[in-house]
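Numbering (my numbering), first residue to last: 1 to 97.
Hint data in this document are derived by calculation from the structure and do not stem from the laboratory.
No experiment lies behind these values; they were computed from the predicted model shown.
For each residue, glycine too, the CB sits at the ideal point set by N, CA and C.
Please note: incorrect hints may appear among the correct ones.
The calculated DSS-like cross-link candidates involving lysine-lysine, where the alpha carbons are at most 27 Å apart (straight line), are [to be verified]:
(1) LYS12 x LYS65
(2) LYS12 x LYS39
(3) LYS65 x LYS2
(4) LYS12 x LYS2
(5) LYS2 x LYS39
(6) LYS10 x LYS65
Pairwise CB distance ranges (calculated) [claimed, not checked]:
(7) ASP66 x ALA38: 26 to 36 Å
(8) LYS12 x ALA35: 20 to 30 Å
(9) GLY7 x THR69: 24 to 34 Å
(10) GLU13 x ASN51: 14 to 24 Å
(11) ASN33 x LYS10: 35 to 45 Å
(12) ALA35 x THR9: 17 to 27 Å
(13) ASN33 x LYS12: 40 to 50 Å
(14) LYS39 x ALA67: 20 to 30 Å
(15) LYS12 x LYS39: 16 to 26 Å
(16) ALA59 x ALA35: 16 to 26 Å
(17) LYS10 x ALA35: 17 to 27 Å
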Amino acid sequence: MKFPKPGVTKEKEIVTMISAERMLIHYNQAHPNLASPAKRITQKIIDHTGNIAIAAGWAGAAVAKDAITGHTSGMMLLRERKTTITPDVVAPKALPR
(Lines of atoms letter the chains of each structure in order from A; the text may use other names.)
(Lines give C-alpha, C1' and ligand atoms only; values in the text may rest on other atoms or scores of the structure.)
Protein backbone atom coordinates (compact mmCIF):
# COMPACT_ATOMS: atom_id res chain seq x y z
CA MET A 1 0.00 0.00 0.00
CA LYS A 2 1.50 3.33 -1.05
CA PHE A 3 1.66 6.28 1.30
CA PRO A 4 -0.52 9.19 0.11
CA LYS A 5 1.19 12.22 -1.41
CA PRO A 6 -0.06 15.80 -1.19
CA GLY A 7 -1.04 15.70 -4.88
CA VAL A 8 -3.83 13.17 -4.21
CA THR A 9 -5.90 15.77 -2.39
CA LYS A 10 -7.24 19.13 -3.49
CA GLU A 11 -4.82 21.99 -2.96
CA LYS A 12 -7.30 23.89 -0.79
CA GLU A 13 -7.43 20.97 1.67
CA ILE A 14 -4.45 21.76 3.88
CA VAL A 15 -5.09 18.90 6.32
CA THR A 16 -5.63 15.25 5.35
CA MET A 17 -6.15 12.36 7.77
CA ILE A 18 -4.50 8.94 7.76
CA SER A 19 -6.11 6.40 10.07
CA ALA A 20 -4.36 4.44 12.82
CA GLU A 21 -5.07 1.28 10.84
CA ARG A 22 -3.18 2.64 7.83
CA MET A 23 -0.33 3.77 10.07
CA LEU A 24 0.01 0.16 11.25
CA ILE A 25 -0.18 -1.19 7.69
CA HIS A 26 2.63 1.12 6.53
CA TYR A 27 4.77 0.31 9.57
CA ASN A 28 4.32 -3.45 9.16
CA GLN A 29 5.08 -3.23 5.42
CA ALA A 30 8.33 -1.41 6.18
CA HIS A 31 9.27 -3.96 8.89
CA PRO A 32 8.46 -7.40 7.44
CA ASN A 33 10.89 -9.25 9.74
CA LEU A 34 9.08 -8.49 13.01
CA ALA A 35 8.29 -11.54 15.16
CA SER A 36 4.64 -10.44 15.03
CA PRO A 37 3.10 -7.44 13.28
CA ALA A 38 2.51 -4.26 15.27
CA LYS A 39 -1.07 -4.03 16.54
CA ARG A 40 -1.04 -0.84 18.61
CA ILE A 41 0.10 2.68 17.91
CA THR A 42 3.35 3.35 19.76
CA GLN A 43 5.81 6.23 19.57
CA LYS A 44 7.98 4.37 17.05
CA ILE A 45 4.96 3.97 14.74
CA ILE A 46 4.11 7.66 15.14
CA ASP A 47 7.73 8.57 14.36
CA HIS A 48 7.78 6.23 11.36
CA THR A 49 4.56 7.70 9.95
CA GLY A 50 5.81 11.25 10.48
CA ASN A 51 9.07 10.45 8.69
CA ILE A 52 7.41 8.86 5.67
CA ALA A 53 4.93 11.76 5.53
CA ILE A 54 7.84 14.22 5.21
CA ALA A 55 9.53 11.97 2.64
CA ALA A 56 6.27 11.81 0.64
CA GLY A 57 6.15 15.61 0.40
CA TRP A 58 3.89 16.65 3.26
CA ALA A 59 4.93 19.75 5.23
CA GLY A 60 4.45 17.82 8.48
CA ALA A 61 2.26 15.47 10.45
CA ALA A 62 0.47 15.68 13.78
CA VAL A 63 -1.06 12.98 15.98
CA ALA A 64 -4.86 12.97 16.18
CA LYS A 65 -6.29 11.65 19.45
CA ASP A 66 -9.83 10.43 20.02
CA ALA A 67 -11.62 12.98 22.21
CA ILE A 68 -13.27 10.32 24.39
CA THR A 69 -10.69 7.53 24.73
CA GLY A 70 -7.49 9.53 24.30
CA HIS A 71 -6.13 6.83 21.99
CA THR A 72 -4.39 7.76 18.75
CA SER A 73 -6.99 7.64 16.00
CA GLY A 74 -4.57 8.58 13.24
CA MET A 75 -2.37 11.38 12.00
CA MET A 76 -3.13 14.62 10.25
CA LEU A 77 -0.94 15.21 7.22
CA LEU A 78 -0.28 18.90 6.72
CA ARG A 79 0.01 20.39 3.26
CA GLU A 80 2.34 23.28 2.70
CA ARG A 81 0.31 26.43 2.22
CA LYS A 82 0.55 28.07 -1.15
CA THR A 83 -0.69 31.54 -1.69
CA THR A 84 -1.90 33.20 -4.84
CA ILE A 85 -1.74 36.61 -3.23
CA THR A 86 0.92 38.83 -4.70
CA PRO A 87 1.93 42.12 -3.20
CA ASP A 88 0.97 45.17 -5.22
CA VAL A 89 3.28 48.12 -5.08
CA VAL A 90 1.31 51.23 -4.35
CA ALA A 91 3.00 54.58 -4.51
CA PRO A 92 2.12 56.71 -1.51
CA LYS A 93 0.08 59.81 -2.31
CA ALA A 94 0.88 63.17 -0.87
CA LEU A 95 -1.57 64.25 1.80
CA PRO A 96 -3.59 67.42 1.06
CA ARG A 97 -2.56 70.48 3.05
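| Which of the numbered hints above does this structure break? | The structure breaks hints 2, 7, 8, 12, 15, 16 and 17; every other hint is satisfied.
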